[in-house]
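Given the sequences, and given the hints that come with them, work out the whole structure.
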Amino acid sequence: MEFQFKNSTDAMRGKEILRTAGIRAFVGKRSGEDGCYYYLKISDRNREEAAELLDKHGLLI
Amino acid sequence: MIYFDNGASTHPKPMPVIKAVGSWMQKNGANSGRSGHRLSMEAAELIYNTRVAIGKLFGMEKAENVILVPNATYALNTVILGLFEKGDHIITTDLEHNSVLRPLWHLQNKGVDVRVISTDFGDDSKTVEKILSAVRKNTKAIICTQCSNICGKMMPIEEIGRRKPENVLLIVDGSQGAGAIPTDLSRQKIDYYCAPSHKSLMGPQGGGVLLVNNRAPRPLVFGGTGTESLRLDQPQALPEHLESGTLPAPICAGMLAAAEYIDQLSVIKIYKHKRQLTEYAYESMMQIPKATLYMESYKDSCLGVIPFNIEGYHSADIGEILDQHGICVRSGLHCAPLFHMRMGTEKRGMVRISFGYFNTQKEIDTFVRVLKKLN
Chain V
1 MEFQFKNSTD
11 AMRGKEILRT
21 AGIRAFVGKR
31 SGEDGCYYYL
41 KISDRNREEA
51 AELLDKHGLL
61 I
Chain R
1001 MIYFDNGAST
1011 HPKPMPVIKA
1021 VGSWMQKNGA
1031 NSGRSGHRLS
1041 MEAAELIYNT
1051 RVAIGKLFGM
1061 EKAENVILVP
1071 NATYALNTVI
1081 LGLFEKGDHI
1091 ITTDLEHNSV
1101 LRPLWHLQNK
1111 GVDVRVISTD
1121 FGDDSKTVEK
1131 ILSAVRKNTK
1141 AIICTQCSNI
1151 CGKMMPIEEI
1161 GRRKPENVLL
1171 IVDGSQGAGA
1181 IPTDLSRQKI
1191 DYYCAPSHKS
1201 LMGPQGGGVL
1211 LVNNRAPRPL
1221 VFGGTGTESL
1231 RLDQPQALPE
1241 HLESGTLPAP
1251 ICAGMLAAAE
1261 YIDQLSVIKI
1271 YKHKRQLTEY
1281 AYESMMQIPK
1291 ATLYMESYKD
1301 SCLGVIPFNI
1311 EGYHSADIGE
1321 ILDQHGICVR
1331 SGLHCAPLFH
1341 MRMGTEKRGM
1351 VRISFGYFNT
1361 QKEIDTFVRV
1371 LKKLN
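The listed protein sequences correspond, in order, to chains V and R.
Residue numbers for the first sequence follow the numbering used here, beginning at 1 and rising by one.
Residue numbers for the second sequence follow the numbering used here, beginning at 1001 and rising by one.
Errors might be hidden in some of the hints.
[Stated by the list, open to error] The calculated DSS-like cross-link candidates involving lysine-lysine, where the alpha carbons are at most 27 Å apart (straight line), are:
| # | chain 1 | residue 1 | chain 2 | residue 2 |
| --- | --- | --- | --- | --- |
| 1 | R | Lys-1126 | R | Lys-1137 |
| 2 | V | Lys-56 | R | Lys-1062 |
| 3 | V | Lys-6 | R | Lys-1062 |
| 4 | R | Lys-1056 | R | Lys-1272 |
The set of hints was computed from the structure by calculation and includes no laboratory data.
This is the structure we're talking about:
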């Protein structure tokens, strides 16, 4: 499962938020429609909890 | 050697800062925010951690609002040139550095109205009154140093922030105050705060921060950010909006180590130490015959800087004599022309001693002994 972010600051913040909640995430970067974006890759089993946390902090695009 | 030129740049740097820069350069030369490999991601994480650590020192919660810049001058230019238009009115003071005055002068030539108020050294409330009474309908900002680089006078930032009209922005030059004066942007209603890494923040030269606590100014520089690369316009999101080009990871490693060092030590401890040294130096220097201390009228609100002259000597001569005794000070002019004009020292200049966290009273004793021998 991947979540996309507009920049590395948001991705790193997201990683830190998930880490605090005990969810491990891998940060990566690749190109998309508007250019490059960052993503956090997490295990499928944490998908809902991670999405809720990232959304709560206004990080999801 | 005795180093009393910390107002220009602090020396020595804390050992963790020195180690962090060297060790980063040894282990990772990758470009943060450009590639997707592990070294680039490690660099991106370092930069994020730097933003968080610096932000924490100033009560900033949003890492994206901590903009990494090459120095305080760059930060000040970004704000001053990026916010105002012809017809706007800006208030500033006669204690400002050229990094504030020159961009303001540039704007003045383009139709921005700049009003310089004369600081009341002995009574901060009078200074605040002067600033407030200069506010007009078209006043957009008050730009003020937190602590003068030339005379060490701490300005009443908190009171200005509390009493200024809501729609007037408060821009603070924290070049001398950052890391030495407890600062909380939201509590003190500071909208923009500019600071170098290498002064009281005790980091390396080549780094600085612009803390944005209001709307983002227009960028000063446009270019690659590693994001939204297919768009030809500059990304609107912070920090990329104001950060084009490769960020200096080794400098950030040093800034991170410095911020952690200061956080552990506490800014208030550094503040108290610098105040104690200032008071001690003032009392000791009063014993030097023919010395003029320019900070007598505000000695209780002076932090870490003492400007002086000795009758019969040019300031440069004093600087040379002290250097021969292994004491580093700054002499001449100090990039704050309005203060020199006010004190009548445009030609003669001033000698400035400026303290850092590692200076001691014993060093002040040695310095005073050398000056006493002059007479």
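Hints and how they fare:
Annotation: proposed proximity of Lys-1126/R to Lys-1137/R holds, straight-line Cα distance about 21 Å (limit 27 Å). A hinted pair counts as satisfied when its Cα atoms are at most 27 Å apart, and Lys-56/V with Lys-1062/R qualifies at roughly 15 Å. For the proposed pair Lys-6/V and Lys-1062/R, the alpha carbon gap of about 15 Å is at most 27 Å, so the pair holds. Distance restraint check for Lys-1056/R and Lys-1272/R: the Cα-Cα separation of roughly 20 Å lies within the 27 Å cut-off, and the hinted pair is therefore satisfied.
Comparing the model with each earlier hint shows no violations; every hint is respected.
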